[in-house]
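Modelling step: build the complete structure from the supplied sequences, incorporating the hints.
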Amino acid sequence: MIIGSIHDGIVIDHIPAGRAMELYSYLKLGELDCEVAIIKNAVSGKRGKKDIIKIGAPIDLNYDILGFIDPHITVNIIREGKRDRKFHPTLPETIIGLVKCKNPRCITSCEQELPHVFCLTDRENSIYRCRYCETKAEKHTL
Amino acid sequence: MKTRGLIDIAELTTQEIDELMLVASDIVENPERYAEKCKGKKLATLFYEASTRTRLSFESAMLDLGGNVIGFSDAQSSSVSKGESVSDTARTVACFADIIAMRHPKEGAPLVAQMSVNIPVINAGDGGHNHPTQTLTDLFTIKRELGHVDHLVIGCCGDLKFGRTVHSLVTAMSRYPGVRFVFISPDELRIPEHIRAEVLDAKGISYVETTSLDDVMPELDILYMTRVQRERFFNEADYLRLRDSYILTQEKLKPAKEDMRVLHPLPRVNEISIAVDSDPRAAYFRQVKNGKFIRMALILKLLSENA
Ligand SMILES: [Zn+2]
Chain G
-15 MIIGSIHDGI VIDHIPAGRA MELYSYLKLG ELDCEVAIIK NAVSGKRGKK DIIKIGAPID
45 LNYDILGFID PHITVNIIRE GKRDRKFHPT LPETIIGLVK CKNPRCITSC EQELPHVFCL
105 TDRENSIYRC RYCETKAEKH TL
Chain H
423 MKTRGLIDIA ELTTQEIDEL MLVASDIVEN PERYAEKCKG KKLATLFYEA STRTRLSFES
483 AMLDLGGNVI GFSDAQSSSV SKGESVSDTA RTVACFADII AMRHPKEGAP LVAQMSVNIP
543 VINAGDGGHN HPTQTLTDLF TIKRELGHVD HLVIGCCGDL KFGRTVHSLV TAMSRYPGVR
603 FVFISPDELR IPEHIRAEVL DAKGISYVET TSLDDVMPEL DILYMTRVQR ERFFNEADYL
663 RLRDSYILTQ EKLKPAKEDM RVLHPLPRVN EISIAVDSDP RAAYFRQVKN GKFIRMALIL
723 KLLSENA
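Quick note, the sequences are listed as chains G and H, same order.
Under the working numbering, the first residue of the first sequence carries the number -15, and numbering increases by one thereafter.
Under the working numbering, the first residue of the second sequence carries the number 423, and numbering increases by one thereafter.
Watch out, some of these pointers could steer you wrong.
[Claimed, not checked] Below, simulated SDA-like cross-link-like pairs (lysine to any residue); rule was C-alpha separation at most 25 Å, straight line:
hint: 1; chain 1: H; residue 1: K723; chain 2: H; residue 2: Y598
hint: 2; chain 1: G; residue 1: K84; chain 2: H; residue 2: T474
hint: 3; chain 1: G; residue 1: K86; chain 2: H; residue 2: S509
Derived from the structure by calculation, the hints contain no laboratory data.
Here you go:
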């Protein structure tokens, strides 16, 4: 395994246990030809179990959705074997086309062409609502 | 600049609401001054579900402003039944009309329309979601009847769980100082937690919940009655029992203040006995009239803003 041996790359840490594969597909990591490691159910001091994703190349990623999934996720940028930067992904103002509105009375339920758009309405509590019907986005589902 | 219609009453500032009410009052006093204000303009009423009352109110409003009206009154009789998207219908209509009033069973449809066109779109009810001109009508009626919309005790009675008119009224009235609420409903139809938490508690507004209309009648300035709708219930027996739990009669109205006013978004089923209609406190038919005047003020505002 490449764990601990990344020279230049990214470590996405503190992913809620069991969610790494979801992020893997959302971030399209399957399309990369660099090394990618997924660690499931790693023991985490304060929060029980967690998942970790390690990417062995300094690529550009769109971190927007990470904050939506869990604001505790951390992104570590590794340069020359050392941690160069660590941050929590910020909450995007809008999430377009990634979260589906589940309200059967929403216009998106009958017009397939409409993009599903969620807007951040409460940053403090990281609440997103459907732009059309104002239904709250369910956390933990993309 | 983005075209501005009215999708959600939250888009209006309190000052704008007050201005709309002022204009509407002026229309009541001086209708002739407004009789040609919208000459040569067209309102399209796109009603994907029947709501005769609301549609006639919009159409009368435009006609009384000297404008014209086109549109459809249910989805079956239009190209919509062939599966055209809201966005395409709106774009087509925008080639003919200057302003749209849209009613749709799906939540958010009028917003989709507004995002597709650069003429104003007024939400005339989108499912159980928003119906801003109903709320404006309610506010304007309170203003006309009592002279002010602040420092009032507002009683809301009936289906407070599903009744969107009540949720919108509570949210809108909570902008004004000194307003208190009394919620009268059976336990099954109490005002939802999110209204209590996000509107009332968040703004520190005092309210009480009760199951007895009689107990609170003497303290009310406004009694807002609502319909208990059959389609909200799975079980006919529950519907009938709850429908009949709060019926306003002359007898029940006796202890109310002289200048208390009864409002109802109409149509009623049986929640207000017909005998109450002749009581001067019954304001619900005047409320219908007010709806036309406030819609006139709104059409004027939106057309002049987007001229
Ligand atoms: Zn929605």
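Status of the hints after comparison with the structure:
no.: 1; hint: H:K723 with H:Y598; result: holds, 22 Å
no.: 2; hint: G:K84 with H:T474; result: violated, 34 Å
no.: 3; hint: G:K86 with H:S509; result: holds, 21 Å
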